[in-house]
Amino acid sequence: MCSFFRGSSVKNSFLALGVIAATLSPIVISTRASAQNTVPGTTESPGTTESPGTTQTPGTTQTPGTTQTPGTTQTPGTTQTPGTTQTPATTTNLSDVGSDYWASPFIQALAQRNVISGFPDGSFRPNQAVTRAEFAAMIQKAFNQNPTRQSQQFSDVPSNFWAAAAIQEAYETGFMSGYPGNVFLPNQQIPKVQAIVALTSGLGVTSTDAASNVLSTYYSDATAIPDYAVNSVAAATQANMVVNYPNVRQLNPQQPLTRAEAAALLYQALARQGQVQPIASNAPAATYIVAGSPTGTTQPTGTDIVSLAASSSSFTTLTSLLKTAGLADTLQQAGPYTVFAPTNEAFAALPAGTLEQLQQPENRETLIKILRYHVLPGQVTSTQLSTGEVKTIEDASVNVKVDTATNQIAVNDARVIQANVQASNGVIHAINQVLIPPNLTSQQPGDTNQGETTDGVTPGRATRGGSSYIGVAGNIGLTGDTSSLGEGNIAVISKIGLTRNISVRPSAIFGDNTLVLVPLTLDFTPRAADVDVVQPFPISPYLGAGVAIDTQDDVELGLLLTGGIDVPLGGNFTANGAVNAAFLDDTDVGIVLGVGYNFR
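Under mature numbering (1 follows the signal peptide of the UniProt record, and there is no 0), the residues of the sequence shown are numbered -35 to -1, 1 to 565, in order.
Just so you know, these hints were derived from the structure itself, not from any lab.
Keep in mind the model is a prediction, meaning the values are calculated, not measured.
Glycine included, every Cβ here is placed at the ideal spot set by N, Cα and C.
Check each hint, because a few of them may be wrong.
[To be verified] Computed spacing ranges between beta-carbons, pair by pair: (1) GLN349 with ALA370: 14 to 24 Å; (2) THR113 with SER278: 22 to 32 Å; (3) THR268 with LYS356: 24 to 34 Å; (4) PRO211 with VAL560: 53 to 63 Å; (5) LYS356 with TYR562: 39 to 49 Å; (6) GLU327 with ASP174: 54 to 64 Å; (7) PRO211 with ASP174: 36 to 46 Å.
Whenever a hint applies, use it, and build me the whole structure from the sequences.
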């Protein structure tokens, strides 16, 4: 007996398709909501009006500062036009931030981390002033600190205000405070000194020396720093968190913080936490970082390419592989060299088990070829790169594409996310994908089966989504009672790779009406999932269709739709989560969660 959709309800069919779409669309990974990308639902009612030429310091008396314009609400990253609202863009193609702009490394790095964003017209407007609400939203995106005090409901921040959640979090985590009268003044431009105080307060940065000595040593305008901020500015200075442009000795404490300055301060704070790599000491942007004491972010003692990479938390995997391949000594020599350096996240996005295979002695030559493919002879900065083929020291060429309109650089399928990290023997350009030499693209990196090609069918091979496996799982029934899929049952799952892109995934859901599922799936390239509570890890989505076989008295066949993700658990195991919809007499839908043992 064979039936596709026989007796199935339209309602349940749409439910099944909806569940699959909902599962694949966010890839089951949720990230923190971007307060900067939320359009305010209402315009804030002006609760207070400040006297022109003055600003209040949270928790202190009024001191000279800036003037608040009452009755205006600004969406982060936009200039308000009466009666209209702009939504900030998430693009990193910033037309007004060239590679030679003083704050470019700070801005591009934070845009990549989605801490800041540009405008719909592709600009960043680096000289535009930042409001207190906007700075709270940046803090929310940049840091993940634990609350240190209970929430506070400010009278001028209604619950539906676009930055209400960010302001509440900035308050609870100790970064920002309100003003007397239980107000926050979210639309007031934030002075630079107040932003510095916020960062040192939230991160618990303290000064180790007499504050007055530190400030008089590094700032020509130290007397302009308000009393409430003296210790905080001294602490931030010693931690190398302060950036002054164009005069490194001039703080301009009461001037409104610009978007470029905000990016620089936030980046340096993240560098102090080890969340981003420090700006190289001989990079142009580093000349504007106020040089504090050794108690701050330690600059690398060695300035060669390998030493710089080893000093950064972004390149720990690359550094380890260079040592395994025996290339570390080479890249510490005079050179010069240009290195397209994949980040840890780029290596994490490789197919499951690849790194483990590459570090095996029998695959050392393959590892060397891959790493040498990331190195150019000579020093080539971002401004010297041009579109075309460039030969690497592996004697194979990479394809460089330079978009002068957006200041973006691509190398093969990878994108340069931070350019011009200057070393004593060359330059590093951080990239977001691992480059694979052309003569190795017919196999997975580290795959010793040289005979397997991209288009050939080899049952049991690894696909671009990871290894083949067999394992056990539990099924959670969502709807339907025709088969065991609609009930809670034990299951056996498997993945059998056929080509680089295609797998067959036979499985069986046991129960009163045992159901056999045989889908053919398209396996997508892994991508890194960045979750706040854990280190980034790779996930491999897939989508497919096939046949569902109901094995009760009269064997019945039906259409099967499936979608899910594979997550590597080391080199030997893979976690799997999938939604299956079987169209039999009724539409049965279930979620399978399991673990498989990798056999290839």
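Which hints from the list above does the structure break, by number from lowest to highest? Violated: hint 7 alone.
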